[in-house]
Amino acid sequence: MKKQNFSSWFKSGAPWIWLNAGAVAIAVIMTLGLLSVIASKGLAHFWPSNVIQAQYVIPGQPAKIVAGEPVQIEEVPRARLVSSGLPVDVEGGEFMTRELLKVGNRDLYGADFSWVVGEWLEQQEQPKNLMVVERREWGNFYGYLTQLKENGQEIATGDAAWSQLQQQIERSSELYQTLMAIQKGEIGRINHGLERLRLKTRKLELNDRLNAMAQADIEAERAELNARYAELEQQLAEVNQALSQYSLVAVTADGRETEINLAKVVRAYQPNAMSLLDKLSFYFAKLWEFVSDEPREANTEGGIFPAIFGTVLMTLIMAIMVTPLGVIAAVYLREYAKQGALTRVIRIAVNNLAGVPSIVYGVFGLGFFVYVLGGSLDRLFFPEAAPAPTFGTPGLLWASLTLAILTLPVVIVATEEGLTRIPRSLREGSLALGATKAETLWKVVLPMASPAMMTGLILAVARAAGEVAPLMLVGVVKLAPALPLNGNYPYLHLDQKIMHLGFHIYDVGFQSPNVEAARPLVYATALLLVLVIISLNFSAVWIRNHLREKYKALDN
Numbered sequence: 001m002k003k004q005n006f007s008s009w010f011k012s013g014a015p016w017i018w019l020n021a022g023a024v025a026i027a028v029i030m031t032l033g034l035l036s037v038i039a040s041k042g043l044a045h046f047w048p049s050n051v052i053q054a055q056y057v058i059p060g061q062p063a064k065i066v067a068g069e070p071v072q073i074e075e076v077p078r079a080r081l082v083s084s085g086l087p088v089d090v091e092g093g094e095f096m097t098r099e100l101l102k103v104g105n106r107d108l109y110g111a112d113f114s115w116v117v118g119e120w121l122e123q124q125e126q127p128k129n130l131m132v133v134e135r136r137e138w139g140n141f142y143g144y145l146t147q148l149k150e151n152g153q154e155i156a157t158g159d160a161a162w163s164q165l166q167q168q169i170e171r172s173s174e175l176y177q178t179l180m181a182i183q184k185g186e187i188g189r190i191n192h193g194l195e196r197l198r199l200k201t202r203k204l205e206l207n208d209r210l211n212a213m214a215q216a217d218i219e220a221e222r223a224e225l226n227a228r229y230a231e232l233e234q235q236l237a238e239v240n241q242a243l244s245q246y247s248l249v250a251v252t253a254d255g256r257e258t259e260i261n262l263a264k265v266v267r268a269y270q271p272n273a274m275s276l277l278d279k280l281s282f283y284f285a286k287l288w289e290f291v292s293d294e295p296r297e298a299n300t301e302g303g304i305f306p307a308i309f310g311t312v313l314m315t316l317i318m319a320i321m322v323t324p325l326g327v328i329a330a331v332y333l334r335e336y337a338k339q340g341a342l343t344r345v346i347r348i349a350v351n352n353l354a355g356v357p358s359i360v361y362g363v364f365g366l367g368f369f370v371y372v373l374g375g376s377l378d379r380l381f382f383p384e385a386a387p388a389p390t391f392g393t394p395g396l397l398w399a400s401l402t403l404a405i406l407t408l409p410v411v412i413v414a415t416e417e418g419l420t421r422i423p424r425s426l427r428e429g430s431l432a433l434g435a436t437k438a439e440t441l442w443k444v445v446l447p448m449a450s451p452a453m454m455t456g457l458i459l460a461v462a463r464a465a466g467e468v469a470p471l472m473l474v475g476v477v478k479l480a481p482a483l484p485l486n487g488n489y490p491y492l493h494l495d496q497k498i499m500h501l502g503f504h505i506y507d508v509g510f511q512s513p514n515v516e517a518a519r520p521l522v523y524a525t526a527l528l529l530v531l532v533i534i535s536l537n538f539s540a541v542w543i544r545n546h547l548r549e550k551y552k553a554l555d556n
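No gaps in the numbering here: position 47 of the sequence shown is 47 in UniProt numbering, and each next residue is one more.
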């Protein structure tokens, strides 16, 4: 009886349902687990950890004082420490503790991180007045504030120096933002205008149209730009002078004194003296800086806003390009092409294109889009810029086009499947009422197939936003802080190189000279890339669901 029940249960298909449910559950758990690991390791980087100070006593050597943030603690075999040359007693236990400290002070010590043996750290403490100075270069400084200077003269010491330091750092940050606004904004526009005048002059020369009147107009405009540039240079000099007025003098835990100009300081804080509320405020300020600021220190400090902007803009341009191409191809194959051997071969080719490695598309984009198409555009429309390429070099346009070609098969297949599911009776009814085939297609078929088109677009965005290999060849670079969308004509610069979150992860994780400092940023950037893809997908899903509800009545 039990055997019969088991046989009937097996034939009912229930085991396969449970098997599929289990596979889906495992996939969801693994995905959530991966995201949890990425989030915990990435987001913890922005928390202001307490800084320890201790005596580091290596057997047989004089004791020295070390200070830094504990980053990692692990147990290692004693024999491994012995083989590395440390004076470890071989008669002790099998394992010893090894700790990674972020000691900072790279300009003094040569490295930001240092491994120490935990058993040799004595008299550990967390001094309240031990400060962390986050700098624009050379990483963090760990030490004690001794005095604050103005134009080389001491103006404050002790607690008074700390309160005045915070005020002057805030003032210096405002001056630094003013400096960057002048350099990248107004001076950038002037340089763009001068380059435009140079190209205009060269173009008139090539066309034999550079007469005295045109030359006079160009020179008058150039003189106006140069006059404005001279004014801005004076402003820059004044801002730089104001920035260089204040400096701090600090001493490290081991007694080394150094002077730091406040123009190079981002912030200074005392983590051991901060309350929970202060740390939360600091944490969210760092998070905002990460998503809104530009990178610095070889992409291991600062923010990644140019990479976010480049990723989203390139994906949107790709979507604008691939959607009409994919829809037109699918409509032709399903509605107009004669269904035969040739059509079947084309469909097989489209399906196979979806499995081509992405780097192949990158090589194709570099060879055809950049060198052939871009070089031709330069020769036809931008001869005045020669020999410097305009479109004959990797840039935003070619990166977007390469991704469009890469994701085109996905959109074609999804759209064609949507067209196949539309009942033939709807087409015949529309034709019977006097509509032409084009009107039927435009007003009946395509609106009802729009959810399927959006499905194809969702899959295309999900794949394109995370691609890295082809983009390395056709327009994405390590550092491009200038955004391709700005106030200079033609406003959207399709020829400009961009940053990308996927390539940023690769660069920071595998090309960074400071691996330990870069590791938490790899997790944080990976989490942000996932969130960007999810946001783009949710937007497309909302549009698809809206279209599905709109045309549900027609489908029924």
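No wet-lab data here; the hints were simulated from the structure.
Treat the hints with caution; some may be incorrect.
PhoX-like, lysine-lysine: derived pairs with alpha carbons at most 25 angstroms apart [stated by the list, open to error]:
| id | residue 1 | residue 2 |
| --- | --- | --- |
| 1 | Lys64 | Lys149 |
| 2 | Lys11 | Lys128 |
| 3 | Lys149 | Lys128 |
| 4 | Lys497 | Lys338 |
| 5 | Lys102 | Lys279 |
| 6 | Lys437 | Lys338 |
| 7 | Lys184 | Lys128 |
| 8 | Lys497 | Lys478 |
| 9 | Lys478 | Lys41 |
| 10 | Lys437 | Lys286 |
| 11 | Lys264 | Lys279 |
Since the structure is predicted, the reported quantities are computational estimates derived from the model, not experimental observations.
So, going through the hints one by one against the coordinates:
Restraint check: the Cα-Cα separation between Lys64 and Lys149 comes to about 29 angstroms, which exceeds 25 angstroms; the hinted pair is violated. Annotation: proposed proximity of Lys11 to Lys128 is violated, straight-line Cα distance about 71 angstroms (limit 25 angstroms). Distance hint between Lys149 and Lys128 is fulfilled; the C-alpha atoms sit about 23 angstroms from each other, no more than 25 angstroms. With a CA separation close to 43 angstroms, the supplied pair Lys497 and Lys338 exceeds the 25 angstroms bound.
Restraint check: the Cα-Cα separation between Lys102 and Lys279 comes to about 19 angstroms, which is no more than 25 angstroms; the hinted pair holds. Between Lys437 and Lys338 the CA atoms are separated by roughly 16 angstroms; this keeps the pair inside 25 angstroms, and the hint holds. Between Lys184 and Lys128 the alpha-carbon distance is near 39 angstroms, which puts this suggested pair outside the 25 angstroms criterion. Taking the CA atoms of Lys497 and Lys478, the gap is about 10 angstroms. The hint holds against a cut of 25 angstroms.
Annotation: proposed proximity of Lys478 to Lys41 holds, straight-line Cα distance about 23 angstroms (limit 25 angstroms). Distance restraint check for Lys437 and Lys286: the Cα-Cα separation of roughly 58 angstroms exceeds the 25 angstroms cut-off, and the hinted pair is therefore not satisfied. A threshold of 25 angstroms between alpha carbons decides the hint, and for Lys264 with Lys279 the separation of about 23 angstroms falls inside it, so the pair holds.
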